[in-house]
Amino acid sequence: MSERAPVTETEKEATDAGDAADAAASGANRSPEERAEGRPVETGAQSVVRALENAGIEYLFGVQGGAIMPVYDALYDSDQLTHFTMAHEQGASHAADAYGIVAGEPGVCMATSGPGATNLVTGIADANMDSDPMIALTGQVARDFVGNDAFQETDTTGVTDPITKTNFFADDPDVVGDDVGQALALSNTGRPGPTLVDLPKDVTKADTDVEPGEPETPDTFHAPEEADDEAVAEAVRAIEASEKPVILAGGGIIKGDATEELREFATTYEIPVVTTMPGLGSFPEDHELSMEMAGMHGTGFANMAITHCDVLIGIGTRFDDRLTGGIDTFAPDAEVVHVDIDPAEISKNIHADYPLIGDAGTVIEQLDAEMDFAPDADEWREQCQTWKDEYPMDYSTPDDEPLKPEFVVEALDEATGGDAIVTTGVGQHQMWACQYWTYTEPRTWVSSHGLGTMGYGLPAAIGARVAADDDQEVVCFEGDGSFLMTIQELSVAVREDMDITVAVLNNEYVGMVRQWQDAFFDGRHAASEYSWCPEFDKLAEAFGARGFAVDDYDEVADAVEAAVEYDGPSVIDFHIDPRANVYPMVPSGGANGQFALSEEQLEDL
Amino acid sequence: MTGGLQGPGPKDRPRPDGRRNSQGIRVDPDAEAEPDTRRAVLSALVKHEPGVLAEVSGLFSRRQFNIESLTVGPTEDDDRARITLVIEEPEPGIEQAKKQLRKLLPVVSVRELPEDANQRELALIKVGATRPDEVHAIAEMYDAKGVDAGRDTITVEITGSTQKIDAAVEAFEQFGIHEIVRTGTAALSRGAEYTATTPDGAPADD
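Residue numbers (full-length UniProt numbering), protein chains in the order written: chain A, 1 to 605; chain B, 1 to 206.
Hints listed in this document are in silico derivations from the structure and should not be mistaken for laboratory results.
Where hints are given, some of them may not hold.
For lysine-lysine, the following DSBU-like pairs were computed, each having C-alpha atoms within a straight-line distance of at most 35 angstroms [claimed, not checked]:
(1) A/LYS205 with B/LYS47
(2) B/LYS47 with B/LYS99
(3) A/LYS205 with B/LYS103
(4) B/LYS164 with B/LYS47
(5) B/LYS164 with B/LYS145
(6) B/LYS47 with B/LYS103
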């Protein structure tokens, strides 16, 4: 079975799956009226399902439970929706998040009340930090019991209030469908983000014949489109006068589907492009104008360009501290043009001299229309090139040392021919996957940026697999510590026969912590040694996946080829150099231009 | 893939001259780098529904805005409530507070009121009753009104600006203050100008 085809809910008959696939294709194209004619809404739960169908949703990720049971029961009848039962609700939230990143439409996760809902919290917070379109549907105890500390009760809207774009407590069976529709619309309008609808069991069980309308955002919600013309003109005069311009491309470019506009703008006016970590793939890293990723573990040349530019055009970035380093030394001589769809991001961390509030693609086109000439920046481009030569991303592979992780990343990049979606956990392996994979297309890099959630990689790979084209590989990089946090989701990948290659960069440490302990805590490895790690290849086999273990350079190619060619889930346990560290590195709060290339340099800073 | 990372070390690289202050603003190294804090009165028109106050106060606490006072009450429109927030922050913080407030879905519009806006606070002050005549005299000076008098205590009500109430509290201290309750500032703009909405209900954000 292909990966894309909707696979079964576990409780459905396997033979239903093929029919469901056909029905899903047609179901998405029917109007609410046409659907209503076939099968009118009779309960609150059916209204919830109808709202999802109206929004064109096809996939859900969740775990069944007491308070959410009526919704699952209604889901059982849907031809359009395919549900993936995950091993843990956290996995459901990350899978939905990743689905949203790759597909560009809201990922849906669901869980029951209490522990089910709280298990979603990490994934919701993650989606919130990274502005990913996602909706969470949570069961809740019946309204009569709310506030009484009933069995499996949690104040879910209260808990998730700070980490959702908005959330609803559905208290009316006639309105619950519209609540879901509104949450769906909000999650992907303007700046995307997670929304949540809390569904009391008596509301979803209650009778209603109200058909939910089309998903709409509420009237108090205003997403800006175009930036103010005068502000655009002022920004353009600054860019034209610049001698050392840099574009800082953030994740907002990808979320706003503005990669074409960015590429056109940068190449037309020959402005070097630095990306943030969520911005990887917004501009092709093999282009000569690409300066790759900046920030704590960004390239030396990107950080030099940021530090010495005179105009910084930040688009769809929120100037996270992992990017800026110390605020006082961030692009200290630069006038900042900041394009963002969220007004609250303007001058939150870095003061914007030219704030442009609007949709990324639209504003880039406005800038382009206003530009009379390109900035005179020949010398600057040459300087950028010199920095590229001075600080190449490189590593050494001495015979007497164990396997280097950088080599593994490059081997997988090569084996997949670049046409792959990369997901990662969080830690050293994530940084190597940033640095040594060449990203050229948007929506091919799926990672936990702002929240830094260990264990994100595998469930994200499952969500990405569902959203990806059949012929696209999904490669998941994990560290040993990170992988262990959500390894149970391997059971889902096996059950659904998903073509995912997991590369564990195993150094028997929580490596990034170990690296910081070496640098800043006198090498005292408090709780960071993971020598008790299982043999991941065998564990994979126990789950029913394929497992490989690799110790040496000469084993890498064969294992990678076998794993990539295998159509189901496979895990390669790469035993890498336990001493390997991530460089360049800007110490926390340090100056981006003062990156260390080795431990000795770090000590000097 | 044999060389490893190379290039001049940190000390051998050029450093730019400029710098930014803690708000990310480019500054002249000789100039005053940190802006002073200022008192700002924000008026927000919000949907009158449960949980809005918790959302607003939660936003302010988690973003570490220093709240001086927060009052909330219904308006002439049954579906709207008005929140008056007084914060003390440097300029970028005030702007940020307004923008973050606007992002909340139940918030219809937000406006910072000018200093000359009508600002009032109510306080109930319960003082010792040993010298009732003198309490009465002081109360008169501050336009306060007695609302309760007993053998041991007298309670007066006073409305006015925060400064006026501060001054009154100081004056009443001589009688021994048993308890105080204050409402925090409520404010409306002067004249016919709307405080935080236009007549047609469209947002009047500034």
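Hint by hint, here is what the structure shows:
Taking the CA atoms of A/LYS205 and B/LYS47, the gap is about 29 angstroms. The hint holds against a cut of 35 angstroms. As the CA atoms of B/LYS47 and B/LYS99 are separated by approximately 17 angstroms, the hinted pair is consistent with the 35 angstroms bound. Under the criterion of a C-alpha separation no larger than 35 angstroms, the hint pairing A/LYS205 with B/LYS103 is consistent with the structure, at around 33 angstroms. Between B/LYS164 and B/LYS47 the CA atoms are separated by roughly 32 angstroms; this keeps the pair inside 35 angstroms, and the hint holds.
Restraint check for B/LYS164 and B/LYS145: satisfied, since their Cα atoms lie roughly 14 angstroms apart, inside the 35 angstroms limit. A hinted pair counts as satisfied when its Cα atoms are at most 35 angstroms apart, and B/LYS47 with B/LYS103 qualifies at roughly 13 angstroms.
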